[in-house]
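Asker: Residues in the sequence shown are numbered from 246 upward in steps of one, following the numbering used here.
Everything labelled a hint here was simulated from the structure, so no lab data went into it.
C-beta: ideal position from N, C-alpha, C; glycine also.
Any given hint could be a false lead.
[Said to hold, decoys possible] Quick list of simulated restraints, FRET-style, between CB atoms:
| hint | residue 1 | residue 2 | range |
| --- | --- | --- | --- |
| 1 | R424 | S307 | 47 to 55 Å |
| 2 | S307 | K284 | 23 to 31 Å |
| 3 | G308 | C330 | 26 to 34 Å |
| 4 | A309 | T332 | 45 to 53 Å |
| 5 | R334 | K292 | 15 to 23 Å |
| 6 | E420 | G291 | 21 to 29 Å |
| 7 | E327 | D416 | 21 to 29 Å |
| 8 | R329 | R464 | 47 to 55 Å |
| 9 | E352 | L476 | 36 to 44 Å |
[Unchecked claim] Below 30 Å or equal to it, Euclidean Cα-Cα: the simulated BS3-like pairs (lysine-lysine) are:
| hint | residue 1 | residue 2 |
| --- | --- | --- |
| 10 | K440 | K477 |
| 11 | K292 | K317 |
| 12 | K317 | K408 |
| 13 | K365 | K284 |
| 14 | K350 | K317 |
| 15 | K408 | K440 |
| 16 | K408 | K477 |
| 17 | K408 | K365 |
| 18 | K365 | K350 |
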Amino acid sequence: MLAFLAPTALHLPWLCARASAAELSVPSTMSRLECRNEKLCLQQSGKAIRREGRRLIFRSPSGARLVFADAKNDCQPNDDDEVRCPTYRLRAFNPAAGLALVEEKSEPNSFHVVSVRLAKEIVSGPGEARFSPDGRTVASLFSSTEVAGQDVSIFSFEGNIAKREFDHTVDSFGENGPRTRFGIMEGWISNTEFKLRFDLAVEERQQTIGASVHQREGRWDFVFDPDGPRLKQ
């Protein structure tokens, strides 16, 4: 079993433990560690994570700091000058492991996994990401209509070290089937299975195909749903 950051000096209850019934009424694919409301997550973290205007600040017990600063309101993205105008949101928080997931809205979007105890980023990448229900694993998906293929990755965490468990690029449904052109994260349905959906490039029809990444006997695999494509609703 993988080891995690000890919660020393972070005696924090489970995320949203004091949330109302309405706030906890979330889809089954949404982990209890996810932040539907960033303010609630910040309250649960005590003084470890704070929002000060445009800045999301992590402060360790030793005094180390990590700051994610939103771009100013008048920022204008510019590909030629690599001006990206990012904004940051606390996406999920696992107090037992002392890990937080920060979402970066930009071009492209990115994710950052942070050790709250150390106020240190331990892994980041393009796309969006989700904690598994037990917070021991992160799944990520990078998908863009401007590039061919969609990249799916799985990371696990041992102490302050991120281990890449799985990488897979999705570019078509079957060897000679239609190309996939955009992917959507549907979420974890258990600690060993994650659901996705992909749009297919099919002329005159809008079709999607479901897929999953699942773990069997310690190995992760990607599979399309056996029911095949369906018309997009």
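Asker: All the hints need checking, so say for each whether the structure fits it.
Answerer: Consistency of the hints with the structure:
Restraint check, R424 to S307: a C-beta distance of roughly 50 Å satisfies the suggested window 47 to 55 Å. Judged by the Cβ atoms, the range 23 to 31 Å given for S307 and K284 holds: they are separated by roughly 26 Å. Between G308 and C330, the C-beta spacing of about 30 Å keeps the proposed range 26 to 34 Å intact. A hinted range of 45 to 53 Å is violated for the C-beta pair A309 and T332, which are about 23 Å apart.
A beta carbon spacing of about 19 Å between R334 and K292 agrees with the range 15 to 23 Å that was offered as a hint. The hint said 21 to 29 Å for the Cβ distance between E420 and G291, and at roughly 52 Å that hint is violated. A hinted range of 21 to 29 Å holds for the C-beta pair E327 and D416, which are about 27 Å apart. Roughly 36 Å separates the CB atoms of R329 and R464, a value that falls outside the hinted 47 to 55 Å.
Restraint check, E352 to L476: a C-beta distance of roughly 31 Å breaks the suggested window 36 to 44 Å. Note on K440 and K477: the hinted pairing holds, with a Cα-Cα distance of about 17 Å set against a maximum of 30 Å. This hinted pair checks out: K292 and K317 have alpha carbons roughly 25 Å apart, not beyond 30 Å. Taking the CA atoms of K317 and K408, the gap is about 34 Å. The hint is violated against a cut of 30 Å.
As the CA atoms of K365 and K284 are separated by approximately 21 Å, the hinted pair is consistent with the 30 Å bound. With a CA separation close to 13 Å, the supplied pair K350 and K317 stays within the 30 Å bound. For the suggested pair K408 and K440, the alpha carbons sit about 21 Å apart, so the restraint of at most 30 Å is met. Taking the CA atoms of K408 and K477, the gap is about 36 Å. The hint is violated against a cut of 30 Å.
A C-alpha spacing of about 16 Å is found between K408 and K365, which places the hinted pair at or below 30 Å, so the restraint holds. Note on K365 and K350: the hinted pairing holds, with a Cα-Cα distance of about 20 Å set against a maximum of 30 Å.
Violated hints for the displayed structure, listed by number in ascending order: 4, 6, 8, 9, 12, 16.
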